[in-house]
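Participant: Model the full assembly from the supplied sequences, consistent with the hints where possible.
Number of protein chains: 2
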Amino acid sequence: MLKEERHTTILNEIRIHNRVLLTDLSNLLQVSEDTVRRDLKELDHKGQIKKVHGGAISTGYHSHNQIYAHDKKVVIAQKAIKLLKSGQNVLITGGTTNYELARLIPSKLKITFITPSLSTASQLLSHKHIEVIFLGGRLSHEGQIALGGSVVNSLSEIRADLCFLGTGYLDTVNGLTEFDWEVVQIKKAMIKSSDHVVSLAISEKLNSSQRYKVCDMDSINTMITELNPDDHILDSYRKNGIKIL
Amino acid sequence: MLKEERHTTILNEIRIHNRVLLTDLSNLLQVSEDTVRRDLKELDHKGQIKKVHGGAISTGYHSHNQIYAHDKKVVIAQKAIKLLKSGQNVLITGGTTNYELARLIPSKLKITFITPSLSTASQLLSHKHIEVIFLGGRLSHEGQIALGGSVVNSLSEIRADLCFLGTGYLDTVNGLTEFDWEVVQIKKAMIKSSDHVVSLAISEKLNSSQRYKVCDMDSINTMITELNPDDHILDSYRKNGIKIL
DNA sequence: ATAAGATTTGCAATATTTTGCGTTTTAATT
DNA sequence: AATTAAAACGCAAAATATTGCAAATCTTAT
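In order, the protein sequence lines correspond to chains A and B.
Oh and the first sequence: position 245 is 251 in my numbering, straight run, nothing missing.
Oh and the second sequence: position 131 is 137 in my numbering, straight run, nothing missing.
The reader is advised that the hints may include incorrect statements.
[Said to hold, decoys possible] To give an idea of the chain A side of the interface with chain B (calculated C-beta under 7 Å), a few residues:
# : residue
1 : G53
2 : S128
3 : Q150
Since the hints were derived computationally from the structure, they do not count as laboratory data.
We put the CB at the ideal spot given by N, CA and C, even for glycine.
Facilitator: Laid out in structure tokens, this is it:
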């Protein structure tokens with residue numbers, strides 16, 4: 007049986023049952039478990055399925071993205087926290103990385119966070135010593151963040167020490183880009199209101215871009231990825247005078 | 007059963023019931039309690055649930071008193087939903103009763119809800135057909151709602167068809183009263199912006215009052231409790247020309 | 001057609017992960 | 001304080017993954 011045939015069969019099985027066991031596939035396809043394992047690995051790498059211990063599950067669901075690259079995000083969040091000092095006024099967007107950041111804030115820091123993101127706000131509120139300002143507006147169903155003119159207006163009345171920009175795509179040529187136009191407006195306003203702009207992105211987001219531009223690379227002061235700061239992947243970013251953590 | 011499957015099941019259970027018992031999960035998933043414990047630990051670590059003694063609850067928002075008088079609150083919420091019509095602009099406060107209301111909104115209704123409550127907003131957002139406007143401001147750690155002048159200001163620019171006031175204490179002499187002065191300011195502004203004011207309260211809240219006054223009974227158009235509308239406990243409220251459901 | 005090179009496959013040895021059980025520690029209740 | 005339920009810990013067995021390797025298979029250039 008050809009590899010491509012197996013792959014189609016596997017994808018079908020997962021499409022039907024939402025999950026599949028490695029041993030079952032080995033029986034069904036009449037190949038060794040090793041081969042199936044390698045097939046799953048390949049399909050996972052292509053993003054078509056999610057390989058898990060003992061088999062694979064469908065990737066279409068929400069569950070995948072939430073847990074995806076979780077470890078990397080924790081690493082990023084921990085680096086970001088080192089930038090915080092008591093007394094600061096900090097702008098922060100939504101996204102799972104910033105959510106992690108919000109979770110991990112040490113209790114000794116007394117900081118005011120300002121955010122348009124429901125999930126980030128909620129997480130921040132679990133810390134009794136943190137003050138949280140929510141930027142109101144129409145909430146988007148996808149990102150659970152407030153969008154629109156009211157947010158931008160409110161931001162124009164704010165001066166922040168720091169700004170944590172989550173998600174987004176980074177590229178030395180196009181700078182920071184986003185998929186959603188409204189999100190771009192918010193981020194632009196956030197950057198304008200901050201003394202220091204920090205971009206948090208897992209390395210997958212590097213060297214890729216989306217259709218709308220938030221800012222050039224030189225508007226970003228600090229860049230944080232899960233990689234070692236002197237990883238060669240970051241070489242092209244270094245020359246822009248950006249601090250890399 | 008794959009670990010990921012268990013995780014999805016656990017998250018679903020919590021999403022539906024807001025909490026789960028460890029022993030129930032152990033039965034449901036047919037694995038040892040230790041395994042469930044490890045699953046919960048993992049999910050908690052990822053921030054997807056909150057692990058507590060004996061089981062787990064959903065993250066952020068609502069706490070243990072969520073469970074209190076839950077059945078009564080569902081009854082109230084169901085009555086309240088009958089007042090809703092597509093196309094309306096509806097103000098809604100926080101509180102567990104309104105949270106239930108938000109949960110139970112039927113999908114055929116196209117409504118815009120405006121709220122200063124994080125938990126209510128978040129729940130409303132789970133309905134794709136509902137538009138949600140969040141009234142931004144400084145968030146309180148206790149109630150998870152936005153307080154302060156910015157909320158009151160925003161409310162002055164809004165005209166709503168309906169206003170659902172949760173919590174609060176009702177009394178024929180003192181009217182609607184509250185414990186928190188800032189909350190009072192918000193509720194006053196909400197009443198001012200609405201054509202029709204609905205008070206939702208479990209019967210325990212009747213005939214009791216707190217230190218700050220929101221409004222007299224005659225500012226309230228409709229009153230909803232879990233009791234039968236012609237229960238004698240409600241007699242004294244009836245004469246104010248209030249509609250009782 | 002065939003020989004060199006690359007890819008795929010199965011196997012075995014070695015790691016890693018998962019899981020349930022007994023024991024100890026911790027937390028809630030009376 | 002005493003009693004009980006739950007959580008944490010360490011452990012060992014079982015299941016699953018990874019790796020190196022050699023045989024089989026497929027490519028492709030001559």
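Participant: State for each hint whether it applies.
Facilitator: Evaluated hints:
Annotation: interface hint on A:G53 violated; nearest CB of chain B at approximately 16 Å, more than 7 Å. At a threshold of 7 Å, the smallest CB-CB gap from A:S128 to chain B is about 4 Å, leaving the interface hint in force. A hinted interface residue such as A:Q150 counts as satisfied when its beta carbon comes closer than 7 Å to some beta carbon of chain B; here the least separation is about 6 Å, so the hint holds.
When held up to the earlier numbered hints, the structure conflicts with hint 1 and nothing else.
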